[in-house]
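Take the sequences, apply the hints, and build the full model.
Oh and the sequence shown: position 313 is 330 in our numbering, straight run, nothing missing.
Treat the hints with care, as some may be off.
Here are the in silico distance ranges between beta carbons for each label pair [unchecked claim]:
#: 1; residue 1: Leu386; residue 2: His157; range: 37 to 45 Å
#: 2; residue 1: Ala266; residue 2: His68; range: 38 to 46 Å
#: 3; residue 1: Arg385; residue 2: Leu338; range: 14 to 22 Å
#: 4; residue 1: Ser62; residue 2: Gln357; range: 41 to 49 Å
The set of hints was computed from the structure by calculation and includes no laboratory data. Virtual Cβ for every residue (Gly too), placed ideally from N, Cα, C.
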Amino acid sequence: MTHLSTVELPPTRAGARTWLALTVLLMGTLLPPLDFFIVNVALPSMQTDLHASAATAQLVISAYAATYAIFLITGGRLGDLYGRRRIFLAGILAFAAASAVCGFASSPAALVTGRILQGAAAAVMAPQALASIHALFPAHQKGLALSLFGTAYGIASVAGQALGGVLVSANVFGLGWRSIFLINLPVVIVAAPAAYWLVRESRSDHPAKLDPGGMVLLALALAALVVPLIEGRERGWPVWTWGLLISAAPLFAIFWRYEARVANAGRDALVPPIIFAAPGLVRGLVATLFFYSLAPFFMMFAIYVQRALGLAPLEVGLRILPVGIGFLIGPLLNPLIVRQFGHRAAAAGMAIEGCGLLWTAMLVYDERLHALSASLFLIGFGQGVALPALVRRNVECVDRRWSGLAAGLVSSVLQVSAALAVALLGGLFFALAGPGSSSTHVARAFATTVAIIGILLFIAAFLAGGRNNRALQLRKQHV
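Listed below in structure tokens is the structure:
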């Protein structure tokens, strides 16, 4: 039965309650990336305390990342079907429960299980924030809301490792590494009631039934692609990783044919093939795939600063700070940039980011590091401008009833892009650095790989610069 009474159109102007609701929704945006980055610093303590192997420690990161990527599309669809506030609440409560499993884990197996549950809960929770912004805010205020979304994501990405180090060092109540998970509990205790009272319910105008077959096939296809990319390099690319990668393409083809059959039979498909007929969506998703080629940059930069420049790990955070400052400022200036560049705002941000990357590569190659802070700032600023603009570009390509699905698609493509970039570009970096990893070889490897990332960002900018006819029509309607 369709509950039309719960379907509300965006108001002509968002009130104070809606902006307060946005702050709650942004917690759902901040927690998933924060819990991805915060773990890195605590891994040595986890290994010692739980007597875990290096492979298991890597699994603590990869199990979360893989599960998150696999279920994001399904998470977006659940919000469309059952109400985004309801699914957001279910997701954030499940995330708290999974965090407790991690925080009180007494064995490596229990910790990995908790991380898998965390990834699944994050995939349910995260798409609801984007879809709710699209549903609750009118067109002339949506840009600012999405800019704040980008700022929250930037804060999480930049602050995650620093916060992890502070919590582990502080050893609050003798919890050590466990505090990085248990800190989520008081956050959820505040956020869940606030979401219940402040967030207005929204859902698709045409609620549809779930597609269990499509969910299983898509999960299998994404797992076959993402899991070996995350685990392959750490495990020396065993045969099973290549087998999974080879099987990914046939599994995606089977999923596509299955979804077409479901749609042709008049039933509700998980990812209706017709959605890809939306003008500009495929081009935008391919741009998104190239956009997150920046993912391995932070890992490579940390290695470069320590091995080539001989600096201490603490100084890595200080050297990367300009990226964080740029990432915070970029989204705040996004509305101004959208007014100047219109539908090409995402392309402009990526072009700025690409320039920063190429400039960084030249400075490192020539060993002229006096301007490195400025080039790093450009990278962060461009990323901060491009992210909310790219999300808006893709979501506005589709009809409102599929906004949750589109948000899930964008988030899933970002995760798959990160896995691809870390595997391919990270592998290239280590291959160029060589087994000896002398300071000169590391610096040259870093410069070369960063230049390639810059070129990929310019490709993304070209793809994102295409005209989004549907978005233009929506803006004309609100003028």
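Each hint, compared with the structure:
Between Leu386 and His157 the beta carbon distance is about 43 Å. The supplied range of 37 to 45 Å therefore holds. Hint check: Ala266 to His68, Cβ distance near 40 Å, so the stated range 38 to 46 Å holds. A C-beta distance of roughly 20 Å is found between Arg385 and Leu338, which places it inside the suggested range of 14 to 22 Å. For the pair Ser62 and Gln357, the supplied restraint of 41 to 49 Å holds, since their beta-carbon distance comes to about 47 Å.
Violated hints are absent here; each numbered hint is respected by the structure.
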